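> Those protein sequences? They're chains Y and B, same order as listed. With this note's numbering applied, the first sequence closes on residue 169, and no number is skipped along the way. With this note's numbering applied, the second sequence closes on residue 106, and no number is skipped along the way.
By construction, these hints were calculated from the structure, which means they are not laboratory data. Among these hints, one or two may not hold up.
Claimed, not checked - The calculated DSS-like cross-link candidates involving lysine-lysine, where the alpha carbons are at most 27 Å apart (straight line), are:
no., chain 1, residue 1, chain 2, residue 2
1, Y, K164, B, K102
2, B, K102, Y, K114
3, Y, K134, Y, K124
In this text the structure is predicted, and so the values were computed from the model without any measurement.
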Amino acid sequence: MSTVLIIFCVLSAITLSTAFLTIFSRNPIHSAIYLVICFFSIAGHYLLLNAEFLAIVHVIVYSGAIMILFLFTIMLMNLNDKDEVHKPRFTRLGAIVSFCLVCLVLIKIFIDSKPIVGYDYTGKDYQSIKVLGKVLLNEYMVPFEFASILLLVAMIGTVLLSKKEKLEK
Amino acid sequence: MNNILTQIGIENYIFLCVTLFCIGIFGVLYRRNAIIVFMSIEIMLNAVNLLFVAFSTYHQDAQGQVFVFFSMAVAAAEVAVGLAILVSIFRNLGSISIDNLKNLKG
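Only chain Y is shown next, with the shape it has when bound in the complex:
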């Protein structure tokens, strides 16, 4: 068992367990903290795959920006454990049954699929920041600009949505 495989197993264990804890913890703040750990372990997976640019961007965007948004929203709402309404047992049962069906379909797909063989190794540099920047700004120039428009529209929409409406009479 090589070192890389051991690191992969440890990271996967952290990722899966914190994802479970995110869903099953009662307090939303605990969920957010577990989600931060989950995102950091996914950044570790990116580092393991030598995608250092994506790892950095992932930490900045998810662990930084998105988690701050989540935590601020949770604190703004001042949620407590008692706010969690008691779920009807029927809904819970339906959730578990549909989850099992999804798992069944996915497991069946992976059992029946052909094994993947043949790992390419071309030796050329394909994931340094230099190469990624060239690909992003040559081939994907138009989507890149549209992403900026999307972020601008999202920003304006967020401001409009969260602004308090004035009562005009």
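Once you've looked at the hints, dock chain B against the given chain Y.
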């Protein structure tokens, strides 16, 4: 130096990502708190992003990583708008349980 996936195996990554995605689906179906539902959606997005990066390494191609970059931009926009909607729902209804949002039901 060779492909890192020869030591780990792409199947392991596929199983990890499918499990993570299933956890996300379960969170969306099981929890009633809208913020936890949002977090589950983030977990699902991350599972798919991780699989993109794994296959980008498998094919030794940069385009998968560029796609992950775009998907992160969309996720950031989605979370910002979604949380703003949640705040306004909380302001109007006083709770964010998704069971309360059934005004559209006839």
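> Decide, hint by hint, whether the structure agrees.
Hints versus structure:
1. Y/K164 <-> B/K102: 23 Å, holds
2. B/K102 <-> Y/K114: Roughly 45 Å between the alpha carbons, so the hint for B/K102 and Y/K114 is violated.
3. Y/K134 <-> Y/K124: 15 Å, holds
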